[in-house]
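Residue numbers (this note's numbering), protein chains in the order written: chain R, 1 to 237; chain L, 1 to 229.
Careful, some of the hints might be misleading.
Unchecked claim - Heads up, incomplete: computed chain L residues facing chain R, CB under 10 Å, no partners named:
#1 R56
#2 T177
#3 G178
#4 M179
#5 A182
Treat the hints as calculated values from the structure; they're not laboratory data. These figures come from a predicted structure and were not determined experimentally. Even glycine gets a Cβ: it sits at the ideal position worked out from N, Cα and C.
As a plain string of letters, each chain reads:
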Amino acid sequence: MNETTRIERLFDAFATLADTLVVGYDVVDLLQTLVDYCHELLAIDSAGILLANTNGALEVVASTSEANQLVEIMQLDADAGPCLESFRTRVVVSVPDIDVGSERWPAFTRTAREQGIQSVYAIPLRLRETTIGTLNLMRNEIGELNGHDVRAAQALADVATIGILQERNVRDAIAIRDQLQSALSSRVIIEQAKGVVAETGGVSMDAAFARIRSHARSRQTPLSVVARQLVSGELRL
Amino acid sequence: MTADPFHVASDALSEFSGRVTDLARPFVTFLPVSGASISTFGAFLGPETVSATDDRAGRIDELQFDLGEGPCWDALSTRLPVLEPNVADTAEWPAFTRAIREEDVGAIFAFPLALGPLEIGAVDLYSDRPLTLTLQQQRQTLALSEIVSRILLRHAIADADTSHASTFSRRLVHQATGMVLAQLDTTPEDAYLIIQARAFSESRSMREIAEDIIERRITFSALPNEGTP
Numbered sequence: 001m002n003e004t005t006r007i008e009r010l011f012d013a014f015a016t017l018a019d020t021l022v023v024g025y026d027v028v029d030l031l032q033t034l035v036d037y038c039h040e041l042l043a044i045d046s047a048g049i050l051l052a053n054t055n056g057a058l059e060v061v062a063s064t065s066e067a068n069q070l071v072e073i074m075q076l077d078a079d080a081g082p083c084l085e086s087f088r089t090r091v092v093v094s095v096p097d098i099d100v101g102s103e104r105w106p107a108f109t110r111t112a113r114e115q116g117i118q119s120v121y122a123i124p125l126r127l128r129e130t131t132i133g134t135l136n137l138m139r140n141e142i143g144e145l146n147g148h149d150v151r152a153a154q155a156l157a158d159v160a161t162i163g164i165l166q167e168r169n170v171r172d173a174i175a176i177r178d179q180l181q182s183a184l185s186s187r188v189i190i191e192q193a194k195g196v197v198a199e200t201g202g203v204s205m206d207a208a209f210a211r212i213r214s215h216a217r218s219r220q221t222p223l224s225v226v227a228r229q230l231v232s233g234e235l236r237l
Numbered sequence: 001m002t003a004d005p006f007h008v009a010s011d012a013l014s015e016f017s018g019r020v021t022d023l024a025r026p027f028v029t030f031l032p033v034s035g036a037s038i039s040t041f042g043a044f045l046g047p048e049t050v051s052a053t054d055d056r057a058g059r060i061d062e063l064q065f066d067l068g069e070g071p072c073w074d075a076l077s078t079r080l081p082v083l084e085p086n087v088a089d090t091a092e093w094p095a096f097t098r099a100i101r102e103e104d105v106g107a108i109f110a111f112p113l114a115l116g117p118l119e120i121g122a123v124d125l126y127s128d129r130p131l132t133l134t135l136q137q138q139r140q141t142l143a144l145s146e147i148v149s150r151i152l153l154r155h156a157i158a159d160a161d162t163s164h165a166s167t168f169s170r171r172l173v174h175q176a177t178g179m180v181l182a183q184l185d186t187t188p189e190d191a192y193l194i195i196q197a198r199a200f201s202e203s204r205s206m207r208e209i210a211e212d213i214i215e216r217r218i219t220f221s222a223l224p225n226e227g228t229p
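My request is simple: use the sequences and hints to build the entire structure.
Here it is as structure tokens:
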């Protein structure tokens with residue numbers, strides 16, 4: 001992608017994220033859009049977002065691949081890894097070489113390395129005093145993320161965070177927590193819906209998820225609503 | 001206004017939190033039968049009379065286990081109610097009917113206890129006089145049997161620690177739940193219970209079973225025996 005195209009696509013990304021923020025948007029959908037754009041626009045190989053649940057533990061809510069290995073890596077990261085550290089310290093954590101300092105989070109490093117991941121960049125999803133989760137960017141090579149990508153990723157993460165928090169008074173911590181928890185809970189139904197489509201359509205989980213998302217898009221229906229219809233049998237894809 | 005006995009029984013079972021030994025009682029509160037018993041047997045749970053309203057109901061169960069024949073066996077293998085309104089006339093189960101002759105049983109009925117592919121057991125009902133169950137009574141008994149099936153299943157797997165797991169493996173279990181609910185045309189709750197039961201019966205984790213389902217090494221169909229009505 002040349003620089004002009006990249007900048008244009010970046011504008012598209014902001015426009016789409018802003019669009020997604022209209023009333024009635026779906027948090028899971030918004031965050032999925034965010035990781036997809038990161039994947040497309042930044043020099044990274046995979047990305048994911050984790051949100052804090054009501055117990056304050058981080059859970060994967062969106063990822064560039066539905067492949068279970070990637071989700072597992074991020075979940076290990078949430079237990080002990082750069083992403084947890086970024087969430088706790090509320091600052092960016094850059095790990096240009098996961099082998100350096102690997103004793104700090106051995107399970108994460110081992111699993112990530114097995115999947116070819118070499119460097120990680122974790123950005124807190126934060127607005128002033130409120131941190132709701134982290135955006136994680138992963139690369140299959142050693143090295144810092146370049147300056148452009150750092151700024152673009154930060155800006156995309158900020159837009160999404162502001163979007164999620166804008167509806168609520170930021171001081172209304174309980175309302176925010178409930179909203180995030182409901183996004184995480186809707187993930188359960190989305191997983192079930194993927195299973196339904198994988199079974200009835202004879203396709204992989206990734207393909208099932210793509211089908212569900214594209215249906216939600218084309219009908220302008222929140223992802224969680226489509227998922228619920230699939231699970232209850234009202235809808236077949 | 002008096003409450004409908006079926007709804008009273010159904011509510012009692014739906015909110016059931018007591019001992020499984022009390023499970024047979026609701027059946028005699030809304031049906032004109034003399035006694036009821038509930039037993040587990042089949043491929044999944046070991047043969048056991050779980051609950052009986054009286055000694056005779058317990059003996060009827062026991063005889064069928066001992067003899068390897070009787071209405072409860074037929075009910076579970078066909079997944080259909082077995083109705084014998086007049087035991088004196090029947091030519092079925094010669095050993096069993098001979099054995100219960102001394103018991104003064106006029107009518108005997110058995111309803112299957114099953115959930116999706118899982119065989120759980122049967123509800124046996126008897127009357128000391130010949131008796132015909134109406135279609136509505138049969139339907140109601142089937143509805144209660146379904147509730148009892150879930151209670152027995154939950155009870156059986158309650159002690160087995162199959163559900164603790166990380167968030168990540170939950171995700172696989174949710175995907176597998178979706179596949180199973182599509183395979184069996186059932187609810188997410190039942191599909192989850194079926195995965196849990198499979199894990200329990202094979203002493204494996206739910207995550208392992210979920211992986212097998214996702215990789216299509218395990219598929220469920222509603223009836224284990226082909227050609228069953």
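Quick one: which hint numbers does this structure break? Sort them smallest to largest. When the structure is compared with the hints, only number 1 turns out to be violated.
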